[in-house]
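Colleague: Next come the chains, spelled out residue by residue.
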Amino acid sequence: MTVRTAEILMAVLCALCSIGLMIKSAELKIGWVPERGPGSGAWPFWLSSGMLLASMATIYRWFRGVTPESRNLQLYMTRETVVVVGISAGSIVFLLVTTHLVGIYIALFFFLLFYLKFVGRHSWKLTVSMMVLVPIAVFCLFEWALKIPLPKSISEPLFYPIYDLMYSF
Amino acid sequence: MEEILLHLAGGLSQAMEPLNFMMIILGCALGLLIGAMPGLGSVNGVAILLPITFLVPPTSAIIFLAAIYYGAMYGGAISSITLGIPGASTAVATVFDGRPLAQAGHADKALTAAAVASFIGGTISVILFTLFAPPLATFALKFGPAEEFSLMLLAFATFIGLGGDDIPKTIFSILVGLVLAAVGLDIISGQPRLVFGDIDGFLHGINFLVLAIGIYGIGEMLWTLESTQGEVVVHKVKMSLSQLIENLKDVKSYIATTSLGSVLGYFVGTLPAAGATPASLMAYGLAKTFSKDPDSFGKGNVAGVAAPEAANNAASTGSMLPMITLGIPGSPTTAILLGGMIIWGLRPGPLLFTENPEFVWGLIGSLYIANFATLVINIAFIPLFVKVLTIPFTILAPIIYILCVVGGYAPTQTMHDVWLMLLFGVVGYLLRKLNYPVAPAVLAIVLGPLAERSLRQSLLSSQGELSIFVTRPISAVCILIAVGLVCYPLVRKFKKKTGETAS
Chain A
1 MTVRTAEILM
11 AVLCALCSIG
21 LMIKSAELKI
31 GWVPERGPGS
41 GAWPFWLSSG
51 MLLASMATIY
61 RWFRGVTPES
71 RNLQLYMTRE
81 TVVVVGISAG
91 SIVFLLVTTH
101 LVGIYIALFF
111 FLLFYLKFVG
121 RHSWKLTVSM
131 MVLVPIAVFC
141 LFEWALKIPL
151 PKSISEPLFY
161 PIYDLMYSF
Chain B
1 MEEILLHLAG
11 GLSQAMEPLN
21 FMMIILGCAL
31 GLLIGAMPGL
41 GSVNGVAILL
51 PITFLVPPTS
61 AIIFLAAIYY
71 GAMYGGAISS
81 ITLGIPGAST
91 AVATVFDGRP
101 LAQAGHADKA
111 LTAAAVASFI
121 GGTISVILFT
131 LFAPPLATFA
141 LKFGPAEEFS
151 LMLLAFATFI
161 GLGGDDIPKT
171 IFSILVGLVL
181 AAVGLDIISG
191 QPRLVFGDID
201 GFLHGINFLV
211 LAIGIYGIGE
221 MLWTLESTQG
231 EVVVHKVKMS
241 LSQLIENLKD
251 VKSYIATTSL
261 GSVLGYFVGT
271 LPAAGATPAS
281 LMAYGLAKTF
291 SKDPDSFGKG
301 NVAGVAAPEA
311 ANNAASTGSM
321 LPMITLGIPG
331 SPTTAILLGG
341 MIIWGLRPGP
351 LLFTENPEFV
361 WGLIGSLYIA
371 NFATLVINIA
381 FIPLFVKVLT
391 IPFTILAPII
401 YILCVVGGYA
411 PTQTMHDVWL
421 MLLFGVVGYL
431 LRKLNYPVAP
441 AVLAIVLGPL
451 AERSLRQSLL
461 SSQGELSIFV
471 TRPISAVCIL
481 IAVGLVCYPL
491 VRKFKKKTGE
501 TAS
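Chains A and B, in that order, give the protein sequences. Per the working numbering: the first sequence = residues 1 to 169. Per the working numbering: the second sequence = residues 1 to 503.
No lab work stands behind these hints: they were computed from the structure. A virtual CB, placed ideally from N, CA and C, is assigned to each residue, including glycine. Don't take each hint at face value.
Looking from chain B toward chain A, a few residues come up when the C-beta cut is under 7 Å (computed) [stated by the list, open to error]: (1) Phe54; (2) Leu175; (3) Leu178; (4) Leu185; (5) Asp186; (6) Leu222; (7) Ser259; (8) Leu260; (9) Glu452; (10) Arg456.
Simulated DEER-style distance windows between Cβ atoms [unchecked claim]: (11) B:Ile255 x A:Met56: 51 to 59 Å; (12) A:Leu53 x B:Asp295: 42 to 50 Å; (13) B:Gly105 x A:Cys17: 35 to 43 Å; (14) B:Ile391 x A:Pro68: 32 to 40 Å; (15) A:Leu53 x B:Ile199: 22 to 30 Å; (16) A:Leu53 x B:Gly105: 15 to 23 Å.
Simulated pairs of lysine to aspartate or glutamate, DMTMM-like, Cα-Cα distance not exceeding 25 Å [said to hold, decoys possible]: (17) A:Lys117 x A:Asp164; (18) B:Lys433 x B:Asp165; (19) A:Lys29 x B:Asp198; (20) A:Lys24 x B:Glu17; (21) B:Lys142 x B:Asp295; (22) A:Lys29 x B:Glu465; (23) B:Lys292 x B:Asp250; (24) B:Lys249 x B:Asp198; (25) A:Lys29 x B:Asp186; (26) B:Lys387 x B:Glu226; (27) B:Lys249 x B:Asp200; (28) A:Lys24 x B:Asp186; (29) B:Lys433 x B:Glu226; (30) A:Lys29 x B:Glu226; (31) B:Lys387 x B:Glu246; (32) B:Lys142 x B:Asp293; (33) B:Lys142 x B:Glu17; (34) A:Lys147 x A:Asp164; (35) A:Lys24 x B:Asp200; (36) B:Lys292 x B:Glu246; (37) B:Lys299 x B:Asp250; (38) B:Lys433 x A:Glu80; (39) B:Lys252 x B:Asp295; (40) A:Lys152 x B:Asp200.
One chain only, chain A, in its complex shape:
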């Protein structure tokens, strides 16, 4: 896909999203409510209308060839970019899905193994050190110092002894 095609597709998508937001906002009152001022939906409705107009302006400018992107026939994303960006975004999706399934600490363990060993091709020594140290650092900072419990899913019981130890101090 060229940059030119990507620009028009994105502008159309933005326009459609704007219409969707307008419809969603219009579920609430968008006019003047006596003694209460503008209705709850007014602010997002008029903002979405503005988004629609801005998207239409981009579409118009694309047809006229005004924007540099509308004249750019180079690839929007090269194969290398797709691979690099795909690996990064995919690995974060993997991290989030495994967090839901087995909790963040086990997920971090596998995420670091994947990124450091298979993407970065680093040594086992570095990979294993990071796999152990990073989750410990995250635990100490967030759970111990900030008192923010991170999602643990089915691995929660594994942390009971650690909590006992933490709160015994």
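Keeping the supplied structure of chain A fixed, place chain B upon it in accordance with the hints.
Modeller: Quick look at chain B alone, frame taken from chain A:
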């Protein structure tokens, strides 16, 4: 004046308290590291690390984040000079002469000039900040909801008029940010709004950090990974005390243009859409114009490194002026700081000076100390920072992603927000590739709730009459300037066209 000095003394002693002093040193060192990393700048560091600051009281938290902001401005020069890649867009102009100096084996000279100039820029701007902030805050106490809303319109108009980006795309970006801020319960009626697919996660709204970390954490890393696929060459830096003293002798050759660049940078920095990048480019141009040897610029003139570095540091302090006094951020980084202040339970704006003077003066005092601390840390640890630049992205990227995920989870503690953050990061990256500016969206999501509240309060008091925004003098002036700014690109385009026709 006496009162200002008294408050400043209090602020300085507060900044010197052990915890705050530690925060300054830690923030400056982290900022230097973050600023030095190609692709990462103050905004990324502040967005990713803000959730960690819940650990300390608000004053210490803002001191820490402001120190990161400061340090990152210094740090940007390190990669511009040694790698030839700007650490952040704010250090682009530093590459012009910093790179040729490094190639000629004078990286130490360029790095010393950048550090000293940053210190000069920082010092001048902090003094200006101390002098301007209290009277501006006193003046802003006269502001009612109508003036507040007009001022926010003015802030958005600066992006359209001075941002230099595609205008419809800039407007779209601003409006997206405002709409995202409207998600959740309506601030007045309490009715749920824009709750897509009846997903409960949307009921508590979209935290500005979700968008900020998504765009400046994940999106920025994707952008950097794409743009730095090639190998980079780090220039070696040898630094000794005798060399340092020798390099410091050059200061007199660039002190005048550096001081001028600092004042320019400070005032450009106060404008929401302008900020450190245009300030540094303008200061570079200024230094070249006033130089006795303009031809040497671009080939390795130390003044070409000093002027933009002074300006970008001064601009970072300048951008804090509207944030502290008016509650309008002067840059994306200060937009995130402003959001942080709301999380910490403070109300940004002129009342801060009267309601939370220890917070404001503690911050101002910390800027003086952070400026000096960054100079010392920078010069003492330059070889270490250069070494850090050689860390492969395959180690740095997963650490940043983990900080983003955990940081995105921390404020609301729902996985819903983390998924949203990933979505914003990827969509923000794809939009940025098509020249949609992302900074206005971040500014808008922070200002969104404040803008809506002030608009609705104004309309309620005027019984729906929009004329309230033009009949009140301060509001009318803001609207007039905003209209002028929106029309400015059109006038410029028209002039260019008529010029072309005439020739």
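Colleague: None of the hints should be skipped; say for each whether it holds.
Modeller: Right, here's what the structure says about each hint:
For B:Phe54, the interface hint holds, the least distance from its beta-carbon to any beta-carbon of chain A being 6 Å, beneath 7 Å. About 5 Å separates the beta-carbon of B:Leu175 from the nearest beta-carbon of chain A, less than 7 Å, and the hint is met. Taking 7 Å as the C-beta cut-off, the interface hint given for B:Leu178 holds, the closest approach to chain A being about 5 Å. The criterion of a C-beta within 7 Å of any C-beta in chain A is not met by B:Leu185, whose closest approach is roughly 9 Å, and the hint is violated.
Given the 7 Å rule on beta carbons, the hint for B:Asp186 holds: about 4 Å separates it from the nearest Cβ of chain A. Interface restraint check for B:Leu222: the shortest CB-CB distance to chain A comes to about 5 Å, inside 7 Å, so the restraint holds. Restraint check, B:Ser259 versus chain A: the minimum CB separation of about 38 Å is more than 7 Å; hint violated. At its closest, the beta carbon of B:Leu260 sits 34 Å from a beta carbon of chain A; the interface hint therefore is violated under the 7 Å criterion.
Hint status for B:Glu452: holds, given a least beta-carbon distance of 5 Å to chain A, under 7 Å. With a least beta-carbon distance of about 5 Å to chain A, the hint placing B:Arg456 at the interface is held under the 7 Å criterion. A hinted range of 51 to 59 Å holds for the C-beta pair B:Ile255 and A:Met56, which are about 52 Å apart. Checked against the hint of 42 to 50 Å, the pair A:Leu53 and B:Asp295 passes, with Cβ atoms roughly 48 Å apart.
At about 54 Å, the beta-carbon gap between B:Gly105 and A:Cys17 misses the expected band of 35 to 43 Å. B:Ile391 and A:Pro68 have their C-beta atoms about 35 Å apart, which keeps the hinted 32 to 40 Å range intact. For the pair A:Leu53 and B:Ile199, the beta carbons lie near 28 Å from each other, so the given range of 22 to 30 Å is met. For the pair A:Leu53 and B:Gly105, the beta carbons lie near 56 Å from each other, so the given range of 15 to 23 Å is not met.
In summary, the hint linking A:Lys117 to A:Asp164 is not supported, as the alpha carbons are separated by about 34 Å, beyond the 25 Å threshold. Our distance criterion of 25 Å between C-alpha atoms is met by B:Lys433 and B:Asp165, whose separation comes to about 13 Å. Only pairs whose Cα atoms come within 25 Å are accepted, and A:Lys29 paired with B:Asp198 is accepted, the gap being roughly 18 Å. Pair hint A:Lys24 plus B:Glu17 does not hold up; C-alpha atoms about 51 Å apart against a cutoff of 25 Å.
Using a Cα cut-off of 25 Å, the hinted pair B:Lys142 and B:Asp295 is violated, with the two alpha carbons roughly 51 Å apart. Distance check on the hinted pair: A:Lys29 and B:Glu465 sit about 18 Å apart at the alpha-carbon level, within 25 Å; holds. Proximity of B:Lys292 to B:Asp250 is assessed by CA-CA distance (about 15 Å); at most 25 Å being required, the pair is judged to hold. Distance check on the hinted pair: B:Lys249 and B:Asp198 sit about 67 Å apart at the alpha-carbon level, beyond 25 Å; violated.
As the CA atoms of A:Lys29 and B:Asp186 are separated by approximately 12 Å, the hinted pair is consistent with the 25 Å bound. Straight-line distance between C-alpha atoms of B:Lys387 and B:Glu226 comes to about 23 Å, which keeps the hinted pair within the 25 Å bound. Distance check on the hinted pair: B:Lys249 and B:Asp200 sit about 63 Å apart at the alpha-carbon level, beyond 25 Å; violated. A distance of roughly 14 Å separates the Cα atoms of A:Lys24 and B:Asp186; the hinted pair therefore holds under the 25 Å criterion.
Restraint check: the Cα-Cα separation between B:Lys433 and B:Glu226 comes to about 11 Å, which is no more than 25 Å; the hinted pair holds. A hinted pair counts as satisfied when its Cα atoms are at most 25 Å apart, and A:Lys29 with B:Glu226 does not qualify at roughly 45 Å. Taking the CA atoms of B:Lys387 and B:Glu246, the gap is near 24 Å; set against the 25 Å cutoff, the hint holds. Under the criterion of a C-alpha separation no larger than 25 Å, the hint pairing B:Lys142 with B:Asp293 is inconsistent with the structure, at around 49 Å.
Proximity of B:Lys142 to B:Glu17 is assessed by CA-CA distance (about 34 Å); at most 25 Å being required, the pair is judged violated. For a cut-off of 25 Å, the pair hint linking A:Lys147 to A:Asp164 stands: about 14 Å separates their Cα positions. A C-alpha spacing of about 16 Å is found between A:Lys24 and B:Asp200, which places the hinted pair at or below 25 Å, so the restraint holds. Annotation: proposed proximity of B:Lys292 to B:Glu246 holds, straight-line Cα distance about 22 Å (limit 25 Å).
Using a Cα cut-off of 25 Å, the hinted pair B:Lys299 and B:Asp250 holds, with the two alpha carbons roughly 17 Å apart. At most 25 Å may separate the alpha-carbon atoms for a hinted pair to count; B:Lys433 and A:Glu80 meet this at roughly 15 Å. Restraint check for B:Lys252 and B:Asp295: the C-alpha separation of about 20 Å stays at or below 25 Å, so the hint holds. At roughly 21 Å between alpha-carbon atoms, A:Lys152 and B:Asp200 fall within 25 Å of each other, so this suggested pair holds.
Checked against the numbered hints above, the structure violates hints 4, 7, 8, 13, 16, 17, 20, 21, 24, 27, 30, 32 and 33; every other hint is satisfied.
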